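Please construct the entire structure, taking both the sequences and the accompanying hints into account.
If you read the protein sequences in the order shown, they are chains R and L. The opening residue of the first sequence carries number -4 in the working numbering; numbering runs sequentially from there. The opening residue of the second sequence carries number 134 in the working numbering; numbering runs sequentially from there.
Hints listed in this document are in silico derivations from the structure and should not be mistaken for laboratory results. Among the hints, a few may not be true.
[Said to hold, decoys possible] With a cut-off of at most 20 Å between alpha-carbon atoms, the simulated EDC-like pairs for lysine to aspartate or glutamate come out as follows:
id: 1; chain 1: R; residue 1: Lys193; chain 2: R; residue 2: Glu23
id: 2; chain 1: R; residue 1: Lys193; chain 2: R; residue 2: Asp95
id: 3; chain 1: R; residue 1: Lys193; chain 2: R; residue 2: Asp217
id: 4; chain 1: L; residue 1: Lys403; chain 2: R; residue 2: Asp279
id: 5; chain 1: R; residue 1: Lys193; chain 2: R; residue 2: Asp279
id: 6; chain 1: L; residue 1: Lys403; chain 2: R; residue 2: Glu199
id: 7; chain 1: L; residue 1: Lys403; chain 2: R; residue 2: Glu222
id: 8; chain 1: R; residue 1: Lys193; chain 2: R; residue 2: Asp76
id: 9; chain 1: L; residue 1: Lys403; chain 2: R; residue 2: Asp263
id: 10; chain 1: R; residue 1: Lys193; chain 2: R; residue 2: Glu164
id: 11; chain 1: L; residue 1: Lys403; chain 2: R; residue 2: Asp217
id: 12; chain 1: R; residue 1: Lys193; chain 2: R; residue 2: Glu222
id: 13; chain 1: R; residue 1: Lys193; chain 2: R; residue 2: Asp92
id: 14; chain 1: L; residue 1: Lys391; chain 2: L; residue 2: Glu374
id: 15; chain 1: R; residue 1: Lys193; chain 2: R; residue 2: Asp233
id: 16; chain 1: L; residue 1: Lys391; chain 2: R; residue 2: Asp279
id: 17; chain 1: L; residue 1: Lys391; chain 2: L; residue 2: Asp363
id: 18; chain 1: L; residue 1: Lys403; chain 2: R; residue 2: Asp233
id: 19; chain 1: L; residue 1: Lys403; chain 2: R; residue 2: Glu134
id: 20; chain 1: R; residue 1: Lys193; chain 2: R; residue 2: Asp329
All of these numbers come straight from a predicted model, not from anything done at the bench.
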Amino acid sequence: MNVVPEARSMNTVPAGAGQAAATVPSAEPLLEVDGLTVRLRVEGAQRSVLRDVSISVSAGEAVGLVGESGSGKSMTARAIDRLLPRGAEVSGQIRYDGVDVMTLSGAALRGYRNQVAMIFQDPRAHVNPVRRIGDFMTEALRTNLDVPAAEANRRAADMLDQVGIADGERRLRQYPHELSGGMLQRVTIATALLTEPKLLLADEPTTALDVTTQAEVMAILDDLRREFGLAMLFITHDLELAAAICDRTAVMYAGQIVEVRESALLHDDPLHPYTAALSAARPDIAQTATRLAAIPGRPLSAFEAPDSECAFAPRCPHAQDICRAENPELIGLDGGLSRCARAIELRGRLLLEPAEGGQADV
Amino acid sequence: MSELAPPRADLGSNGDGPVLEVSGLRKEFGDLVAVDGVSFTVPQARSLAIVGESGSGKTTIARMIVGLERPTAGTITACGRDRSSPARSARARRRRGSEVQIVFQDPYTSLDPRQTAEATIDEVLRLHHGWPRERRRARMDELADLVGLDERQARALPRALSGGQRQRVAIARALAAEPRLLILDESVAALDVSIQAQVLNLLADIRDSTGVSYVLISHDLAVVRQLTDDAIVLHRGVVVEHGPTAQVLDSPQHAYTKRLRASVPRPGWKPRRGALLGAGEEPATP
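Okay, structure coming up:
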């Protein structure tokens, strides 16, 4: 993943980020989102739900987008796939393979969506319960790519095999309710891959699944991604999952990107207090905490966030006057990016002193 | 934060016995055996985790405990009273409700969309305690305070609340009946990390102040570690491992528990194909 404009202008080429550098290709990125701001009608007024989001994904690269609900991660994916609700005001640019995505319509837009496939969190909400699996799976092939039904069915059955579902022919005749959640999610992944996309937008695809099924689905995604050379924008609330799967991860809060970091470093060496707080709030499988370091308050939705101060400041144990004076810029730091006014000062100390006046609960 | 009322004294014959005893529990759906010979005990003020994957029967066990399913065989005893067969009267049903409550996973579908948070909680207070309006009001304020709902949220319809707020409403509703046992069926699974930590701390506080026991049904082993004393691991309806939570997670004995443990994302984790599939699903490769 490349960096956002502010950081580029700051000319901070990461030292000692060899692994990150290896994932940043020299060629043009496949997807480039630049200064994306989306305004939507929320509670009777036009409000910002995304603020100046810049992110890019290169061919074959996996980029994580982590955040809590309302942070704008799904909205980012929807904007990229042109699935925003009517009345959305969009500024900034989304370019795919050099083409301005916002100008696409009709056949060109359908073609784009074949290239940029999306899978969602809840497969059951994204299939029609009264239509058979085969009907659902082959729709895009038949209507967008004019593939004959028999051929479409054959490809669908083959793809089911790829995602670990045996007996594809029979599965195609089944209805969604006959399949478990994990199985149905594998069906939606298979469906997304049928149009041979180059970029997969995966919006919490394993959140509704059990851990063993999650491991299976992630392994399938990871395998197929490598096999087909797929790029992926992987949206999740799970820092550890993002770290395991993605080359780089962007952390969102209140409609903005607050940190971009090589995934492997995100958990143990965060640059932004929010990322550190997220890591600390998770219970640990290896030990029981007397008390979890809950982040006080609740995640702010983008449309509630003030423009004039750091959106995380009210919940941040490190907040000072400077944080309330202005919304900090995203600055380059140690090969990553952080939108924190005290980022440099707090460098390396975020996980050591998480409770500085924080740790309130409920 | 207000204190919940202490455990009541009028809880039947064995106030000191286990809150829940399940023995030889079996449930068949047609040819499918969903739960097979499951036994466990939840002592007072202790918490038990039921860990397993989709189709392992964990939710079926929960539904049998609260009376939404009838066991094919086996017994369920809560607070010393048998609840293996359906309650015969409204009164018996209510009594069961005051012993065991459940919080479901999905706060979006477990609340009535036309009922405000207040009305939801008030209904339970009226039904279970028959208190006059003033007293219900006071109790509702306590409950709202306990779970961290402000006044605006208490008066809001579910659609105006976030997932975490809705789950707080569901927890407050369950606590309104002053149960001895609360079944948490993936109740924190859908919550944001920062909110999940708050709710887990809240559940620990509630346990400390009321002595309520939890049966936590969860696939999240870190959450299980944080909230429970004992754990059973279910696989295809059968208990494959049973012991103190720390022991089950730190040195799993059964192959399935080991696989569960290995499926948890962690630094350096690489998912592998051919991991476990859901019950009734064919493996990817024979």
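Against the structure, the hints come out as follows:
1. R:Lys193 x R:Glu23: Given that 20 Å is the threshold and the Cα spacing comes to 14 Å, the pair holds.
2. R:Lys193 x R:Asp95: holds (16 Å)
3. R:Lys193 x R:Asp217: holds (14 Å)
4. L:Lys403 x R:Asp279: Distance of about 19 Å is within 20 Å: holds.
5. R:Lys193 x R:Asp279: Judged against 20 Å, a Cα distance of about 36 Å means the pair is violated.
6. L:Lys403 x R:Glu199: holds (18 Å)
7. L:Lys403 x R:Glu222: holds (16 Å)
8. R:Lys193 x R:Asp76: holds (13 Å)
9. L:Lys403 x R:Asp263: holds (18 Å)
10. R:Lys193 x R:Glu164: violated (26 Å)
11. L:Lys403 x R:Asp217: holds (9 Å)
12. R:Lys193 x R:Glu222: Between Lys193 of chain R and Glu222 of chain R the Cα gap is close to 12 Å, so the pair holds against 20 Å.
13. R:Lys193 x R:Asp92: holds (10 Å)
14. L:Lys391 x L:Glu374: holds (10 Å)
15. R:Lys193 x R:Asp233: Violated, because 24 Å separates the two Cα atoms, which is more than 20 Å.
16. L:Lys391 x R:Asp279: Answer holds: Lys391 of chain L to Asp279 of chain R is near 17 Å, not above 20 Å.
17. L:Lys391 x L:Asp363: Within the cut-off at roughly 17 Å; holds.
18. L:Lys403 x R:Asp233: holds (15 Å)
19. L:Lys403 x R:Glu134: violated (33 Å)
20. R:Lys193 x R:Asp329: violated (31 Å)
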